[in-house]
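Visitor: From first to last, the protein sequence lines are chains B and E.
Adding 76 to a residue's 1-based position in the first sequence gives its number in this note's numbering.
Adding 76 to a residue's 1-based position in the second sequence gives its number in this note's numbering.
Simulated from the structure, these hints should not be mistaken for laboratory data.
We put the beta carbon where it would ideally sit given N, CA and C, even for glycine.
Each hint should be verified, as a subset may be incorrect.
[Stated by the list, open to error] Quick list of the computed label-pair ranges, beta carbon to beta carbon:
| hint | chain 1 | residue 1 | chain 2 | residue 2 | range |
| --- | --- | --- | --- | --- | --- |
| 1 | E | Glu134 | B | Arg243 | 31 to 37 Å |
| 2 | E | Asp126 | B | Arg199 | 32 to 38 Å |
| 3 | B | Gln253 | E | Arg146 | 33 to 39 Å |
| 4 | B | Arg88 | E | Arg96 | 42 to 48 Å |
| 5 | B | Glu245 | E | Glu139 | 41 to 47 Å |
| 6 | E | Arg174 | B | Asn168 | 26 to 32 Å |
| 7 | B | Thr260 | E | Leu137 | 37 to 43 Å |
| 8 | B | Asp126 | E | Ala219 | 50 to 56 Å |
| 9 | E | Asp126 | B | Lys152 | 50 to 56 Å |
| 10 | E | Ala219 | B | Arg141 | 39 to 45 Å |
[To be verified] Now the stretches of chain E that chain B is said to cover, found in silico as 3 or more residues with beta-carbon under 8 Å:
| hint | stretch |
| --- | --- |
| 11 | 84-90 |
| 12 | 119-126 |
| 13 | 152-161 |
[To be verified] Far from chain B, by Cβ distances over 10 Å, these chain E residues were calculated:
| hint | residue |
| --- | --- |
| 14 | Gly98 |
| 15 | Asp130 |
| 16 | Cys169 |
| 17 | Asn190 |
| 18 | Ala213 |
| 19 | Ala223 |
2 protein chains.
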Amino acid sequence: MTTRSTREDIVRAADDLFYRQGYEHTSFADIAEAVGISRGNFYYHFRTKDEILDAVIEARLAERRLLMERWEIEGKDPQDRIRSFIFILIANCDKIMRYGCPIGTLSGELAKLNHSSQGEANRLFTLFRTWLARQFALLGREADADALAMHLLARSQGVATLANAFRDEAFVRAEVQAMVDWLTAQAPETAPS
Amino acid sequence: MTTRSTREDIVRAADDLFYRQGYEHTSFADIAEAVGISRGNFYYHFRTKDEILDAVIEARLAERRLLMERWEIEGKDPQDRIRSFIFILIANCDKIMRYGCPIGTLSGELAKLNHSSQGEANRLFTLFRTWLARQFALLGREADADALAMHLLARSQGVATLANAFRDEAFVRAEVQAMVDWLTAQAPETAPS
Numbered sequence: 077m078t079t080r081s082t083r084e085d086i087v088r089a090a091d092d093l094f095y096r097q098g099y100e101h102t103s104f105a106d107i108a109e110a111v112g113i114s115r116g117n118f119y120y121h122f123r124t125k126d127e128i129l130d131a132v133i134e135a136r137l138a139e140r141r142l143l144m145e146r147w148e149i150e151g152k153d154p155q156d157r158i159r160s161f162i163f164i165l166i167a168n169c170d171k172i173m174r175y176g177c178p179i180g181t182l183s184g185e186l187a188k189l190n191h192s193s194q195g196e197a198n199r200l201f202t203l204f205r206t207w208l209a210r211q212f213a214l215l216g217r218e219a220d221a222d223a224l225a226m227h228l229l230a231r232s233q234g235v236a237t238l239a240n241a242f243r244d245e246a247f248v249r250a251e252v253q254a255m256v257d258w259l260t261a262q263a264p265e266t267a268p269s
Numbered sequence: 077m078t079t080r081s082t083r084e085d086i087v088r089a090a091d092d093l094f095y096r097q098g099y100e101h102t103s104f105a106d107i108a109e110a111v112g113i114s115r116g117n118f119y120y121h122f123r124t125k126d127e128i129l130d131a132v133i134e135a136r137l138a139e140r141r142l143l144m145e146r147w148e149i150e151g152k153d154p155q156d157r158i159r160s161f162i163f164i165l166i167a168n169c170d171k172i173m174r175y176g177c178p179i180g181t182l183s184g185e186l187a188k189l190n191h192s193s194q195g196e197a198n199r200l201f202t203l204f205r206t207w208l209a210r211q212f213a214l215l216g217r218e219a220d221a222d223a224l225a226m227h228l229l230a231r232s233q234g235v236a237t238l239a240n241a242f243r244d245e246a247f248v249r250a251e252v253q254a255m256v257d258w259l260t261a262q263a264p265e266t267a268p269s
């Protein structure tokens, strides 16, 4: 049990450090120090930073899946659920203003490193894309559900990038409102519940 | 003269490497190798990577200022000029799909490194923001010119991030068309020429 928990502690610390200071900039030593374990204990769990990266991506996927399940349960209709996605920008605004979006910045960093795990990291985008597309289909927009999902993902990513650059919460709130208005306009008729 | 040109070669090579593989991942040795000069010659021009970074940002600012001057000359009205901005996504599509937007990714990387030059790098965003806001004001939208500029910058950044993740040119083209349509809707009356 102790072994299992140490592994989880490593993944959690690495997830946080990759987000706050970047994958490339984070060393084994940084992660070991954050967890408070010896190098030996560390290597028992992970041999390479790539192995940790893959575990971090899996952990992020699992966490986001839970988030979406909650949105599905709590949202009374597809529009309500899509709004939950849009509101991530408000809920995580402080972190986004400091470090950007965890998914967008990791994908971008891995692209520049020409890292073989970029495809893995993009599964996070695909998870949101697929979920959003399903909600738009339920909203009666089967024909362009994927395009609407990509459009909303892009707007959300762009707001995160500029929030990180200008650290302007009023801008984030105005753009979130604009996305909600856009969403409302996508379903002029009453949405199916 | 030779000295001046070597300095420019270094800045150009660093600009390219920072864009393609990231600032953190690029070493003095990488840049020296790309330029084909000795370490000694290199240090004569730049002592630290931070000094090179600041020179790269200045070079990017100068280049973008020239670009905007050309848009001002070639664009027959503000709408036409703003369209030139939107079409960067098409003109640089291949590079954006591989490495993202040079401005957004540098700003994001420096934020994570908590690098003192992030403010400098954001001058690139501010340059576009100010220029776009001026065009929207000329379009008769003085009251919300800055908000419109930020909205368009954000959309453009978001498209760049997802283009980099999914490498889907059709998505980029569809979003560019959507931005052009949005722009047209911002000036229902004939724009002042």
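Visitor: For each hint, tell me whether it holds in the structure or not.
Guide: Status of each hint after checking the structure:
no., hint, verdict
1, E:Glu134 with B:Arg243: 31 to 37 Å, "violated (23 Å)"
2, E:Asp126 with B:Arg199: 32 to 38 Å, "holds (35 Å)"
3, B:Gln253 with E:Arg146: 33 to 39 Å, "holds (35 Å)"
4, B:Arg88 with E:Arg96: 42 to 48 Å, "violated (32 Å)"
5, B:Glu245 with E:Glu139: 41 to 47 Å, "violated (32 Å)"
6, E:Arg174 with B:Asn168: 26 to 32 Å, "holds (28 Å)"
7, B:Thr260 with E:Leu137: 37 to 43 Å, "holds (40 Å)"
8, B:Asp126 with E:Ala219: 50 to 56 Å, "holds (51 Å)"
9, E:Asp126 with B:Lys152: 50 to 56 Å, "holds (52 Å)"
10, E:Ala219 with B:Arg141: 39 to 45 Å, "holds (43 Å)"
11, 84-90, "violated (count 0)"
12, 119-126, "violated (count 0)"
13, 152-161, "violated (count 0)"
14, Gly98, "violated (4 Å)"
15, Asp130, "holds (17 Å)"
16, Cys169, "holds (14 Å)"
17, Asn190, "violated (7 Å)"
18, Ala213, "holds (18 Å)"
19, Ala223, "violated (6 Å)"
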